[in-house]
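Chemist: Residue numbers (the numbering used here), protein chains in the order written: chain A, 1 to 577; chain B, 1 to 577.
These are computed hints drawn from the structure, not numbers from a lab. Just to be clear, a hint being listed does not mean it is correct.
No copy is singled out in the list; a pair is fine if it fits within one copy or between any two copies.
The calculated lysine to any residue pairs, modelled on SDA-like cross-linking and capped at a C-alpha distance of 20 Å, are [what the hints assert, rightly or not]: (1) K253 with H280; (2) K64 with E144; (3) K23 with L244; (4) K186 with G440; (5) K341 with L68; (6) K232 with R368; (7) K13 with V158; (8) K276 with W168; (9) K341 with H72; (10) K186 with V468; (11) K13 with H280; (12) K248 with S16; (13) K13 with I157; (14) K389 with S423; (15) K524 with L553; (16) K13 with D150; (17) K336 with E71; (18) K153 with E19; (19) K248 with D150; (20) K129 with S245; (21) K153 with S16; (22) K153 with E14; (23) K341 with V468; (24) K449 with N463.
Here the structure is a predicted model, which means the values were calculated and not measured.
Protein chains: 2
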Amino acid sequence: MVDGEVDIFKEFKEHSVAEFFKKNRHMLGYSGKVRSLTTAVHELITNSLDACEEAGILPDVYVKLERLGEEHYRLTVRDNGPGIPPHIVPKVFGKLLAGTKFHRMIQTRGQQGIGAAGVTMFVQITTGKPIHVKTSTGDGTVWEMDVMVDVMKNEPIVKNRTHYPGSWRGTEVIAEMKEVEYNRGKYSVYEYLRRTAIANPHVRITFVDPDGKIHTFERSSLEPVRIGEEAKPHPFGITPDDLLSLSKVSKAKTVGRMLTNSLHGTGGKAVISLMKVLPHVLKKPPRELTWSEAERIVAAFQAIRFLSENRAARKLVEAKKKELTEEERLLFNQMKRYVRKITGEETTLEKTYEVMKALSGVRIRGPRTDVLVPIGEERIRKSLRSNLKPSFVAVVERKPRVYSGGIPFQVEVGVAVGGNISSFELMRFANRVPLLFDAGGCAITEAVKSIDWKRYGFPDFFNSPVVVLVNVSSTHIPYTTAGKQAIADVPEVFNEIRQALMEVGRKLREYANKVNAVQELLQKKKVLEHYLPLIARSLADMSGEDEKAVETLLKNMVEERYRRINELLEKIEGEAS
Amino acid sequence: MVDGEVDIFKEFKEHSVAEFFKKNRHMLGYSGKVRSLTTAVHELITNSLDACEEAGILPDVYVKLERLGEEHYRLTVRDNGPGIPPHIVPKVFGKLLAGTKFHRMIQTRGQQGIGAAGVTMFVQITTGKPIHVKTSTGDGTVWEMDVMVDVMKNEPIVKNRTHYPGSWRGTEVIAEMKEVEYNRGKYSVYEYLRRTAIANPHVRITFVDPDGKIHTFERSSLEPVRIGEEAKPHPFGITPDDLLSLSKVSKAKTVGRMLTNSLHGTGGKAVISLMKVLPHVLKKPPRELTWSEAERIVAAFQAIRFLSENRAARKLVEAKKKELTEEERLLFNQMKRYVRKITGEETTLEKTYEVMKALSGVRIRGPRTDVLVPIGEERIRKSLRSNLKPSFVAVVERKPRVYSGGIPFQVEVGVAVGGNISSFELMRFANRVPLLFDAGGCAITEAVKSIDWKRYGFPDFFNSPVVVLVNVSSTHIPYTTAGKQAIADVPEVFNEIRQALMEVGRKLREYANKVNAVQELLQKKKVLEHYLPLIARSLADMSGEDEKAVETLLKNMVEERYRRINELLEKIEGEAS
Numbered sequence: 001m002v003d004g005e006v007d008i009f010k011e012f013k014e015h016s017v018a019e020f021f022k023k024n025r026h027m028l029g030y031s032g033k034v035r036s037l038t039t040a041v042h043e044l045i046t047n048s049l050d051a052c053e054e055a056g057i058l059p060d061v062y063v064k065l066e067r068l069g070e071e072h073y074r075l076t077v078r079d080n081g082p083g084i085p086p087h088i089v090p091k092v093f094g095k096l097l098a099g100t101k102f103h104r105m106i107q108t109r110g111q112q113g114i115g116a117a118g119v120t121m122f123v124q125i126t127t128g129k130p131i132h133v134k135t136s137t138g139d140g141t142v143w144e145m146d147v148m149v150d151v152m153k154n155e156p157i158v159k160n161r162t163h164y165p166g167s168w169r170g171t172e173v174i175a176e177m178k179e180v181e182y183n184r185g186k187y188s189v190y191e192y193l194r195r196t197a198i199a200n201p202h203v204r205i206t207f208v209d210p211d212g213k214i215h216t217f218e219r220s221s222l223e224p225v226r227i228g229e230e231a232k233p234h235p236f237g238i239t240p241d242d243l244l245s246l247s248k249v250s251k252a253k254t255v256g257r258m259l260t261n262s263l264h265g266t267g268g269k270a271v272i273s274l275m276k277v278l279p280h281v282l283k284k285p286p287r288e289l290t291w292s293e294a295e296r297i298v299a300a301f302q303a304i305r306f307l308s309e310n311r312a313a314r315k316l317v318e319a320k321k322k323e324l325t326e327e328e329r330l331l332f333n334q335m336k337r338y339v340r341k342i343t344g345e346e347t348t349l350e351k352t353y354e355v356m357k358a359l360s361g362v363r364i365r366g367p368r369t370d371v372l373v374p375i376g377e378e379r380i381r382k383s384l385r386s387n388l389k390p391s392f393v394a395v396v397e398r399k400p401r402v403y404s405g406g407i408p409f410q411v412e413v414g415v416a417v418g419g420n421i422s423s424f425e426l427m428r429f430a431n432r433v434p435l436l437f438d439a440g441g442c443a444i445t446e447a448v449k450s451i452d453w454k455r456y457g458f459p460d461f462f463n464s465p466v467v468v469l470v471n472v473s474s475t476h477i478p479y480t481t482a483g484k485q486a487i488a489d490v491p492e493v494f495n496e497i498r499q500a501l502m503e504v505g506r507k508l509r510e511y512a513n514k515v516n517a518v519q520e521l522l523q524k525k526k527v528l529e530h531y532l533p534l535i536a537r538s539l540a541d542m543s544g545e546d547e548k549a550v551e552t553l554l555k556n557m558v559e560e561r562y563r564r565i566n567e568l569l570e571k572i573e574g575e576a577s
Numbered sequence: 001m002v003d004g005e006v007d008i009f010k011e012f013k014e015h016s017v018a019e020f021f022k023k024n025r026h027m028l029g030y031s032g033k034v035r036s037l038t039t040a041v042h043e044l045i046t047n048s049l050d051a052c053e054e055a056g057i058l059p060d061v062y063v064k065l066e067r068l069g070e071e072h073y074r075l076t077v078r079d080n081g082p083g084i085p086p087h088i089v090p091k092v093f094g095k096l097l098a099g100t101k102f103h104r105m106i107q108t109r110g111q112q113g114i115g116a117a118g119v120t121m122f123v124q125i126t127t128g129k130p131i132h133v134k135t136s137t138g139d140g141t142v143w144e145m146d147v148m149v150d151v152m153k154n155e156p157i158v159k160n161r162t163h164y165p166g167s168w169r170g171t172e173v174i175a176e177m178k179e180v181e182y183n184r185g186k187y188s189v190y191e192y193l194r195r196t197a198i199a200n201p202h203v204r205i206t207f208v209d210p211d212g213k214i215h216t217f218e219r220s221s222l223e224p225v226r227i228g229e230e231a232k233p234h235p236f237g238i239t240p241d242d243l244l245s246l247s248k249v250s251k252a253k254t255v256g257r258m259l260t261n262s263l264h265g266t267g268g269k270a271v272i273s274l275m276k277v278l279p280h281v282l283k284k285p286p287r288e289l290t291w292s293e294a295e296r297i298v299a300a301f302q303a304i305r306f307l308s309e310n311r312a313a314r315k316l317v318e319a320k321k322k323e324l325t326e327e328e329r330l331l332f333n334q335m336k337r338y339v340r341k342i343t344g345e346e347t348t349l350e351k352t353y354e355v356m357k358a359l360s361g362v363r364i365r366g367p368r369t370d371v372l373v374p375i376g377e378e379r380i381r382k383s384l385r386s387n388l389k390p391s392f393v394a395v396v397e398r399k400p401r402v403y404s405g406g407i408p409f410q411v412e413v414g415v416a417v418g419g420n421i422s423s424f425e426l427m428r429f430a431n432r433v434p435l436l437f438d439a440g441g442c443a444i445t446e447a448v449k450s451i452d453w454k455r456y457g458f459p460d461f462f463n464s465p466v467v468v469l470v471n472v473s474s475t476h477i478p479y480t481t482a483g484k485q486a487i488a489d490v491p492e493v494f495n496e497i498r499q500a501l502m503e504v505g506r507k508l509r510e511y512a513n514k515v516n517a518v519q520e521l522l523q524k525k526k527v528l529e530h531y532l533p534l535i536a537r538s539l540a541d542m543s544g545e546d547e548k549a550v551e552t553l554l555k556n557m558v559e560e561r562y563r564r565i566n567e568l569l570e571k572i573e574g575e576a577s
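Next comes chain A alone, as it looks inside the complex (with noise of 0.2 Å):
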């Protein structure tokens, strides 16, 4: 026995994830006087448009705030949303990890059911008083209580709770702060709720600050945003962790039926192909479904996923050739690994075509694009223009694609050039959340700064007038921590990432090259203009002609040779407007 061995596990206790939180506030986003208060700026508003989204209503979003002292204010968000339950209020506002979101495949700004509550703690940690919450899902019914957290418990505690007719709609939260304070930079309330709205056209937001001024974000686009549909999980992304899950909670008679059911694109005749390979674990009852009989499904969705990247491997496995190049050996070495893997037990030259060809009739969609809600093409080149009038401008929205876990997600890039921009920025956004901290830590960030922009033409390009948009939207974000502002390095994301602003650097060489050419041909054509007297002169008094007449005969050959300055300029700048 050793000193101290007894007292060490005398100490040992359990906490909730409110004190968790708590003692750790700065991982939801509350440390810095200006960035608590942003913090808590955008979780209410993001609360509000979601609810708003989910119910297809317009947002109206009225946010003020309020000086009360040193470093101390009350915040109100108000929207016209479909208001909450009278019964649901309390945990909304009042328990960690509880919510709507957390659970299903859906995508929304909130996720986690940390954000509203995370609120509440802030202000009762900084002033000790409860969050005031007033609501109504238009029944007629206005309820008005005051929330706080019982920390120990990671339980909701209800005060004041009253209620009375009204016909009014929507929620109210106002929320009282120490500790906070209120400026108009780059980390500020001001720029947070100006992003939103660039992200947002459809959400008008009236900002009532502390001096008492109106800003008013007026909506551009009447069209209510889609709200996107519920996800399955895709089969090219999905673990086996991922399938003992499901199988848990299938109520599906076999392990064939749960994945048509269960998982994205999936269907009837892909079920049909899979038995071939795998008869024994489709039929199987769901609950009753091993470990290693997940890890056999994932390899053959991996396998299947592999034939339909590559064209040569599919000619392979119908030609089942058995004479093979250095090339096609690679190949046929990787199928083997996946044939290995599906059936568990070593294989042949004959078997691993067999499987594999059975597999190769497998086709599975991509991820559905409606599941997604980017901001789009369109709304991204208007806004840029609008907001910064530049004079050029280059979007790219890419494919869906899925991330570990079967988790789809969809990148988009929007780059604006010259015209009144005069520094380098990088706006990031998350399903068309701005998020101002954690930049350095944000996968978006390492990906724009991964990528040799010389390139494309700029040999300067963080010291260059350009403005970098950078939107990633998914079913569930992969933040770096719960406060949400920065996208952790999962792979997929990131090299989505990359690829977008590859394909929109491209976009940006292409004019690069053109004004380079225009500028280059200006530069000649100014060159001869100034030699062209003394050209005309020598000329003429070689010839004998009129020197004038010379003159304006070699101006008006030369206007005619850069007549195509103009035309180049014209089309640079028609793509630009």
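Given the structure of chain A, go ahead and fit chain B onto it with the hints provided.
Modeler: Showing chain B alone in chain A's frame:
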């Protein structure tokens, strides 16, 4: 009533903290194949080191990595620590937010009660298998068991529990993982262990890599690191919420006694002085303490801090001056604000002086140094020298400070320049644990970047052969994420790191100045020596003396003149050795 209103809240659910971190495993550090492996090693090793140090044992840690297949490894971590009582094992490895460290204000590497169970979750997510634990407290019985996490409930599942006689003491964990990869790069297990050895010279680490090669990081110090004492919150960083939390569990009869018992450095004398200012509040039973009273106590502590740091203010209070200069008026107004907050009402000149006078008698010591365990100035110097063979080393150890919540922390910085160092490197540590990831989002990185190194003699610091080591020690490191790889931008911590860097910068400047002075002298000497024969010849010609004799004379003059170069050089070398 609006479309969808009912549907939205039908989906309202609660979820466990294990579900949350399973879905956001990257928040625990499990993103990327190399990083995930390093994270698992990190979590198990920090637990081993903490346990050894608490029990006063010189840590001897054995780490073995075996490659079982493609992206598939088995990790074994074994220590000679105090062992874990068998009934505690399931919660340590099978339940998140449970542990010995969260509720104690003590400097340990672990502090959240998440790490070990996080490894178990990662193991079961990627392999479907449990973690295997073997442990004995040295009481003659060895326990073995398999542990998993029931993710929906955040509760442990234990299988195959056995025990048998044995005289061994320690803990061994075997974790089989997939989706991981080993390499020797800058984010690898190897690099993690190397840096752990640099900051923990009392630890012996034996590492068997996947090729079977054994790397031993031998200890260079035989004295066990003393474990930090358990701290009490420091009154200068305490918040009203902290006081109210204390008041709910305090067994003291009065608030005054509670302050003496629960806060650092608030002895009887201090409370007597406070009593003069807040007699009513300090005599209350703790349970009756209100928020606004807690705010008044906090304001009193802040005023004490203000007085202790401000000699001019103390003078003013002593003199009770009525005719004030511009500068004194500013000081006085600041004091007035404190007194208003302390008394909760408007104040007069007399009243302000009276209250501040009472408080100016209060002495509150800085945070206790024995609760923090820095690496130590000498150890950093030795470690940098022996590991990097630089030509110069400067080390700064700052005094302990307090950040919000009354939490003590301390910053150490070491800088090594030249010698065997070929490029810039920043080594970040928190409580002597190396931070390899998330450098971009870390207060240490931000602080290093924020310094104008040109002022300290480095025109291009980040391309210079310099290694910067920063270690932050605290009873609660404000990590940005539960993955504990970056320190959040808590203002007090950020500023203190900056102060330390500037202090070390001044030492660097002194060194750079000396080096420059020597180089200048050497240059002058070289020029003189170059022209010396020529001058000697001219002099010899003019004077008729022997040329050789004149040259020797001149040479001796030069040598004499520049003898101090050697002195300077010796001095610099002496400092650097």
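Chemist: Each hint should be assessed against the structure and marked as holding or not.
Modeler: Taking the hints in turn, this is what the structure says about them:
1. In this assembly of identical chains, the alpha carbons of K253 and H280 lie at most 20 Å apart only when taken from the same copy (14 Å versus 72 Å across copies).
2. Within a single copy, K64 and E144 get their C-alpha atoms as close as 19 Å, which meets the 20 Å cut-off; across copies the closest is 60 Å, which misses it.
3. Taking CA atoms no more than 20 Å apart as the test, K23 paired with L244 passes between copies only; the shortest distance there is 15 Å, against 35 Å inside one copy.
4. For a Cα distance limit of 20 Å, the shortest separation of K186 from G440 qualifies both inside one copy, at 15 Å, and across copies, at 19 Å.
5. In this assembly of identical chains, K341 and L68 lie within 20 Å of each other by CA distance solely across copies; the values are 14 Å between and 65 Å within a copy.
6. Taking the shortest Cα distances, K232 and R368 sit within 20 Å of each other inside one copy (9 Å), while across copies they are farther apart (56 Å).
7. Within a single copy, K13 and V158 get their C-alpha atoms only as close as 27 Å, which misses the 20 Å cut-off; across copies the closest is 19 Å, which meets it.
8. In this assembly of identical chains, K276 and W168 lie within 20 Å of each other by CA distance neither inside one copy nor across copies; the values are 60 Å within and 53 Å between.
9. In this assembly of identical chains, K341 and H72 lie within 20 Å of each other by CA distance solely across copies; the values are 13 Å between and 61 Å within a copy.
10. In the homo-oligomer, the alpha carbons of K186 and V468 lie at most 20 Å apart inside one protomer (16 Å), although the nearest pairing across protomers, at 30 Å, exceeds that limit.
11. For the identical chains of this complex, K13 and H280 are neighbours neither inside a copy (46 Å) nor across copies (36 Å), given an alpha-carbon limit of 20 Å.
12. Proximity of K248 and S16 under a CA criterion of 20 Å is satisfied inter-copy only: 17 Å between copies versus 27 Å inside one chain copy.
13. For the identical chains of this complex, K13 and I157 are inter-copy neighbours only, at 18 Å across copies versus 24 Å inside a copy, given an alpha-carbon limit of 20 Å.
14. Only within a single protomer do K389 and S423 lie at most 20 Å apart by alpha-carbon distance; the minimum there is 13 Å, versus 43 Å between protomers.
15. Within a single copy, K524 and L553 get their C-alpha atoms as close as 18 Å, which meets the 20 Å cut-off; across copies the closest is 68 Å, which misses it.
16. Taking the shortest alpha-carbon separations for K13 and D150, both the intra-copy value of 18 Å and the inter-copy value of 18 Å come in at or below 20 Å.
17. Taking the shortest alpha-carbon separations for K336 and E71, only the inter-copy value of 17 Å comes in at or below 20 Å, while the best intra-copy value is 66 Å.
18. For the identical chains of this complex, K153 and E19 are neighbours both inside a copy (8 Å) and across copies (18 Å), given an alpha-carbon limit of 20 Å.
19. Proximity of K248 and D150 under a CA criterion of 20 Å is satisfied inter-copy only: 13 Å between copies versus 33 Å inside one chain copy.
20. With identical chains, the CA atoms of K129 and S245 are at most 20 Å apart between copies only, with a shortest distance of 14 Å across copies and 41 Å within one.
21. In this assembly of identical chains, K153 and S16 lie within 20 Å of each other by CA distance both inside one copy and across copies; the values are 6 Å within and 13 Å between.
22. Taking the shortest Cα distances, K153 and E14 sit within 20 Å of each other both inside one copy (11 Å) and across copies (14 Å).
23. In this homomeric assembly, K341 and V468 never come within 20 Å of each other (Cα to Cα): the closest approach is 43 Å inside a single copy and 47 Å across copies.
24. For the identical chains of this complex, K449 and N463 are neighbours both inside a copy (13 Å) and across copies (18 Å), given an alpha-carbon limit of 20 Å.
Checked against the numbered hints above, the structure violates hints 8, 11 and 23; every other hint is satisfied.
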